[in-house]
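Chemist: So the chains spell out like this:
Number of protein chains: 2
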Amino acid sequence: MDKKKISMAVVRRLPKYQRYLKELMVNDVDRISSKELSEKIGFTASQIRQDLNCFGDFGQQGYGYNVKDLYNKICEILGLNREYSTIIIGAGNIGQAVANYMNFDKLGFKLTGIFDINPKLIGLKIRDIEIMDTDYLDKFLKESKVDIAILCVPKNSAQRITNVLIDGGVQGLWNFAPVDLVVPENIIVENVHLSESLLTISYLMNRR
Amino acid sequence: MDKKKISMAVVRRLPKYQRYLKELMVNDVDRISSKELSEKIGFTASQIRQDLNCFGDFGQQGYGYNVKDLYNKICEILGLNREYSTIIIGAGNIGQAVANYMNFDKLGFKLTGIFDINPKLIGLKIRDIEIMDTDYLDKFLKESKVDIAILCVPKNSAQRITNVLIDGGVQGLWNFAPVDLVVPENIIVENVHLSESLLTISYLMNRR
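Residue numbers (this note's numbering), protein chains in the order written: chain W, 12 to 219; chain D, 12 to 219.
For reference, chain W alone in the conformation it holds in the complex (with noise of 0.2 Å):
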């Protein structure tokens, strides 16, 4: 299989399978055919069996999908089949609400620690972790390994804290701050625009 050729298109409606798979589990569904998955997922049947074909050969004629063996599978393309450890840098609002969401911890993805500049918020804790000055990040980040960030600062300071990020091995940022961060090729950037997915919801209202 040829890594280069699965589309991004692809990659996002991977978490949509494994999303669904699970709910089957947990109902008991032992087998599902790739068009009974289409009614509950609401891709073709046609596009799912493409999607996952892109990955091996999962399905079998006349059977259908092991609903437990394809979830697994999907996990570990994925990646859920290790552990993350993940710091987020800004406590506000949004950092905040990222740090109480348990389910990403049940993911796999485990938070080693929170930053911020405010002197009101350093101390203080969420979730057992208590939160750091940012000036400490990079000495944090020589003694502890971080694989992914999660940047919840506001959009002036967000490139001068990705390079301290990228400085001390962090691989994959996960950004909420609205700015487009420039960083070497090998590093993953997942944005997570709000204002931008609101305006969508402004403008799809506008030209019905």
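Read the hints as simulated data drawn from the structure, not as lab findings. Please read all numbers here as calculations on a predicted model, not as lab measurements. Careful, some of the hints might be misleading.
Copies of the same chain look alike in the list, so a pair counts if it fits in one copy or across any two.
As a list, the in silico DSS-like pairs of lysine-lysine whose alpha-carbon atoms are at most 30 Å apart [claimed, not checked]:
no., residue 1, residue 2
1, K33, K166
2, K51, K166
3, K46, K166
4, K84, K33
On the provided structure of chain W, position chain D as indicated by the hints.
Modeler: Same frame as chain W, now just chain D:
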């Protein structure tokens, strides 16, 4: 101009143009060529010209774009020439974070109500808006016109509340619940599925 010809890929780039043009205005830049804009925004100049041509004839050969005119035009295309009455359902972590995020106000999305089922939260205020009992939602919708609802409830109650919202005349849903909502064709749904976003990072980190 045929409205149907505009792809969602173009639509999703528009808020980015809006953001960069605003920055240019703040920095007193009056005009800009597609080439200069390209260097800032990271799309190719030809992509920029193609995107903007979907909506009209903005640039002038040899002059480029008038920054303020283009900004105003894009705001208008994005539906930002009017206000939207918005409510938040679910005042947990994400709901509170969105409620506290002032920037949406500046864009014209006025927060007019917050709802939760938790008796400990009902009656408390976020930004001077009292959290109301979700049981009161249908009555509220009869009395007040609401354009957009921001859904920050657990996945199990998301569809039920969506039905109440749509019955109450809400036209747009910004959905943070990790579930795919079933809605009539004329209702706009924009999903922010945070777990799915995070999983693309672990996928990409693992596939490198």
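Chemist: With 30 Å as the alpha-carbon cut-off, assign the pair K84 and K33 to within, between, both or neither.
Modeler: within (12 Å within a copy, 45 Å between copies)
Chemist: Tell me, please, which holds for K33 and K166 at an alpha-carbon limit of 30 Å: within, between, both or neither?
Modeler: between (36 Å within a copy, 14 Å between copies)
Chemist: What label fits K51 with K166 when the C-alpha limit is 30 Å: within, between, both, or neither?
Modeler: Only across copies: K51 and K166 sit 15 Å apart there, 39 Å inside one copy, limit 30 Å.
Chemist: Within a copy, between copies, both or neither: which one fits K46 and K166 at a CA-CA cutoff of 30 Å?
Modeler: between (45 Å within a copy, 24 Å between copies)
Checked against the numbered hints given earlier, the structure satisfies every one of them.
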